[in-house]
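Residue-level listing of the chains:
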Amino acid sequence: MTQSHFITGATGFVGSYVLIELLKQTNDTIYCLVRPKEDQAPEARIFGLLDKLIPAYQENPALLAAARRRVRIVAGDLSESVLEIAPRIESPINCFWHVAASLNYEERFADQIFETNVMGTHYALRLAKKLQTQYFNHFSTAYVVGKQQGIMREEVVRHTESNNAYERSKVTSELEVLSATGMQTRIFRPSIVIGHSLTHEAFNFSGMYGFLRRLVQFRGMMERIQTGYLDRNPIRMKMDPQVPLNLVPVDQVAQEAVQIGTTAAPQRIFNLTNKKVLTVGETIGIMFDIAGVSQPEIVRDAADFNWIDEKFNEKMEFYNSYLVGRKVFDRRNTDAALQRASDHDQYAITRDRLVYKSSWYLNKLLSKRVRIPVSR
Amino acid sequence: MNTQAAFIIGTGRCGSTLLSKMINAYAGITSVSEFFSMITDLGTMIPEAFPEGPVSGAAFWNILSGIYPKQNTMLRHGVAMKEVLYTDRPDAAFRAATGVPALLQTTLPHLTEDHDALFEALAREVSCWPSATVAVHYQQFMQTLCRQFGDVLWVERSGGSLRIVHRLYEAFPRARYVHLVRDGRNCALSMEKHLGFRMAMLSFQMIEVLGVDPYLSDDREFVDDLPDELVDFLPENFNPEAFRNYSDTQASLFGHYWSGELIQGLETLQKMPAEQLLTVSYEDLLEYPERTFRTIIEFLAPDRVDMDQIREVCRLVGRPRSDWQALPKRERELLARSCEPGFMALEANVH
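In the order they appear, the protein sequences are chains A and B.
Okay, so the first sequence: first residue is 1 according to our numbering, each after it adds one.
Okay, so the second sequence: first residue is 1 according to our numbering, each after it adds one.
Just chain B, same shape as in the assembly (with noise of 0.2 Å):
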């Protein structure tokens, strides 16, 4: 039996987590969260996670149940995502301390309990695979994950993964692609705030001050370049507290970002049949959750729509917390500034 492939794609805190909430909760579909957030350690190892050429079953599996260092550093002091759901029970066959797989920071265990058994049968079979390029190798988990659990469609989503599109869509041809699109002024006001997308940022600053990551490599010859404010983030000194309360960012600069990943990621959507492509408003799903919600099943899973079961669904709809009109004017004019080219972007190519 095959299986059929979809994804939630979009720039970062646009909402998708709630979305992907949403359809784990509908039944039939497998819900894979956060899988590609996760084994490229927070979007900063996407060359990493897609390596050219054949690759064995045991190095595949090798890349899913990574111990990546930057998601596993924030675990272990107690500042990981809200998104990673591992947690330190006593009989848990990991520990914070030790590390976590990718796998099962968030994928696993918002699929089952028994995530951890899971994981164990997935490394058995996964690791005997023959050698495949490494999209035949993520259609082959996708399906395996899905059949798992009974469902004949699966739908991944990571957060910000419009940075991945191009490669997604490589490996994953004939999938459906659902972007979804919120608001560039609320999205950035989010990531300033959310602590992967604050990891992500701090490292993007290191790698270029040190010339390498440092989560990845102790050459440490540029060190007295990093300016006092980024000092406490390297992986030897890292401090939670100072990550927590570190402010030296502004929205605008996510408004650039989120401008620069709308740009990039819309020039891989521009190329997908009409079919393959659906854009759905952040800003809809909450105000109309059912004709939304309806609307996007329909395009995943047309014999698939269930009016109760959508109905039921859309009480996890809640309201957002972020709101860029209660900034102060100035950041507010800076923030909309950085945004321009994102909705400009948009406005060009979504119709």
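For reference, chain A alone in the conformation it holds in the complex (with noise of 0.2 Å):
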């Protein structure tokens, strides 16, 4: 029977991803709720997008078709009144998606990512119930668990130290969907996701990418200041190089969510993360590598650290604590309700993969970037 499927962010990384599998996997109408642009309209910001993505994943060309005939565009925001909203939508909705969020995570955004993550879950709830929906998935992080270490459980998160606004944004939006009655909730926790498996391809630039590109800021400041300097003195970083770094493909998160989020999964906590990855070391070896830096000295105690050294882990503060203590993340209940083992080495991180990725990434970012030269 044909069932009918709600996302917010569809216009985001995960959330258009998680658009592109529910054309694959269902054969059910999808409506999207996209904020206007003042230079683009609702409908052209989703369908240019899947234009744009469906070949560069290298998805077939036949889910465009399927796009128009299946996507309905619903223009508006979370945050109006659901009487607006709702009528526009023929309920009941089976699965509602709710995938927008910030990934800001910087204090001074704080309020602006509470008031998408937290206000938006908040919003995003109501409208759901006004829609009679059967489930509600809701993306959130695998990273809830802030400084914890050891095996992450497919648990709820009560109490834990978060280590920016974002993790705590997210601990607070899970404990209001799990806590919302009506309908089943469940709750999807990717670790940092990268981009598609096979084509590299990706459009959001944070978590590994905003780390490459703030070593290549960094190693831009530093030859402004003395040219040289880092291949002279190698930079002082605090980590674990042996401990797992869990990047995920936004395929393999996109496809065993709507896999899971269409059934009727008991389970409601699922760890979306990758069962094979590289080290940290490993991982930052190759970032450094790429982007032209020395590599970097491992040490324990941040008081061997100097003043450009601190500098430099000041700006990477963000990306330092996914560096630090063994995070290791269990998946029973993903793999339950998946009822087989994903393809891991579809999606496993290796070597020559992350340094294709990071390159890619790499060569975009600086093709975009005017070059400045030091000024002589």
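Warning: the hint list may mix true and false statements.
[Said to hold, decoys possible] Straight-line Cα separation of at most 35 Å, DSBU-like style, residue types lysine-lysine; simulated pairs:
id: 1; chain 1: B; residue 1: Lys329; chain 2: A; residue 2: Lys238
id: 2; chain 1: A; residue 1: Lys24; chain 2: A; residue 2: Lys37
id: 3; chain 1: A; residue 1: Lys129; chain 2: A; residue 2: Lys24
id: 4; chain 1: B; residue 1: Lys82; chain 2: A; residue 2: Lys315
id: 5; chain 1: A; residue 1: Lys52; chain 2: A; residue 2: Lys24
id: 6; chain 1: B; residue 1: Lys193; chain 2: A; residue 2: Lys315
id: 7; chain 1: B; residue 1: Lys193; chain 2: A; residue 2: Lys238
id: 8; chain 1: B; residue 1: Lys329; chain 2: A; residue 2: Lys315
Keep in mind the hints are simulated off the structure, nothing from the lab.
Bear in mind that the values here come from a model prediction, so they are computed numbers and not experimental data.
Fit the two chains together into the complex; they arrive one by one in their own frames, and the hints show the way.
As structure tokens, this is what we get:
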């Protein structure tokens, strides 16, 4: 029987792939809530994006026609009154996919992060209820666990020490989702989402890409201070080189989420994480190589930092929280709900794949930046 | 009549402002102050001030008379460097609120009180010059300025000009160069407090994060990457109070900068014939002003040595304000370490 879905954040990195997976895995009607932009109508935003992404991800081109048949655009914003939005959607909705989120983490964005991630979830739940939703599928992050170490189970996180405003917002919004009544709620917790497993395509450049970008920025700053400084003075970083760093391709996240989200899985929390990853030391080594920066010197204690090390580590503070402490993500709920082991070789993060993904991004970044020579 | 050309070069805060004032007070020499600092907008637009190929007189005048964003943002917000001499007098031709041309920020007011009239006269003359390389234009401009004051020698001095010494030497291959050297630890301490170097250091960081110079482009694609502490220094947000109080640097950062500038600058100085280069220590200028200044005048204008004048001019010498030895132990060590490569380069190259 044909069912219906509702997605928030369908123009985002993960949300757009969830939309593609829904087109692939179902024959259902899909409503997308899209904010109008000054220069682009909501329809153009979604269909223009799919026109670009489906070939870039090497998905079946027939999905483009399917999208035009099955996708219904709802122009609006979650903060609008449900009375404004709900009448434009045929209820009941079987699955509500709340993917929209702010990925900022800096304190200056704290209010905006709270508004988007916590209040946004609150508004989404309110709308989902109005639409008589059966399953509310909420996207969170595997890093809601904050500074905890060890095995990260697919369980409710109530008390934890978060690393930043982003993680705090996700803990709060998860608790609100889990306490919602009148529909079944599920939490999907992807780890650090990166580009497509095969084509490497990505269009959100936070996480791993943000680290690489900041490394390039730092190298440029130091070149302006003293040519060749970083070649003569390797940066010192505090990290645990042997612990795994969990990067997960966007297609794995969307494929697993949609497969689980469209079935009657009884579990409620799912770690959408990768089983085959590199260590922190291997990953950071590749990033430094690609950025053209001498390999960092690993130290156990920040007391060994000089002033430039301190500044570097301050700039990387957000990322540093992922580089210290062993976190192993348990996937028992996820694997049970999938009822089969995912093809983890396809999604495995190997050295070659990471080099390719990082180089792909660096080339893209450098092609966009105006080359401003060190002024001499 | 051909004029003679000379430059005082050095790292930032090496004491060249004092030397420039002394030269300005010495008869027969035109002291051209902060010319290259201002036309390169505090050293952030150096390639733009040295375009390749022939340049018309009008285009060259545009470089000299440009209203550049960084220096004017500082001026408008009341945080200009103390070297800026243009004042918002009621009869002034330009206003801080709307921008002051580079040439009028320091260079012309340093030479004459009637700087607005001189600016107008130069505009009329320079704009009509035929196309030539920028080097020819610069030579002609300095000569014009020098003749204006009836002098036969001009001496240009811009803070931190060691950074562009390779360009100066290319444009003025027969000029004389006085390399003023000061203990890097005190240079670094002084740069840390200096508003011009603060702006340059903030610009370096913003340019790398944004991928564009935010004072020249409104592209803000990467603005979310900007650390919280830099947001106040975007031109659209410029906060003079935050700028004045900015303290997210340390003298050792400028120590690294000092070392880097010396290492690179010395590469050019090594290529100069001995008769074109004089290296002078700022500490000697303070300790033995008459002897040191006489050496400088003998090098620049041997036929104009006048001991009475030298003694009079040396009254301008005061005491320096930066003293690295007063720093706490840890900072002192970091600063010393950051300056080590610079000291080593000096030792290897200056005899």
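Evaluation of the provided hints:
no.	hint	in the structure
1	B:Lys329 - A:Lys238	25 Å, holds
2	A:Lys24 - A:Lys37	28 Å, holds
3	A:Lys129 - A:Lys24	26 Å, holds
4	B:Lys82 - A:Lys315	32 Å, holds
5	A:Lys52 - A:Lys24	17 Å, holds
6	B:Lys193 - A:Lys315	23 Å, holds
7	B:Lys193 - A:Lys238	31 Å, holds
8	B:Lys329 - A:Lys315	26 Å, holds
Of the numbered hints listed earlier, not one is contradicted by the structure.
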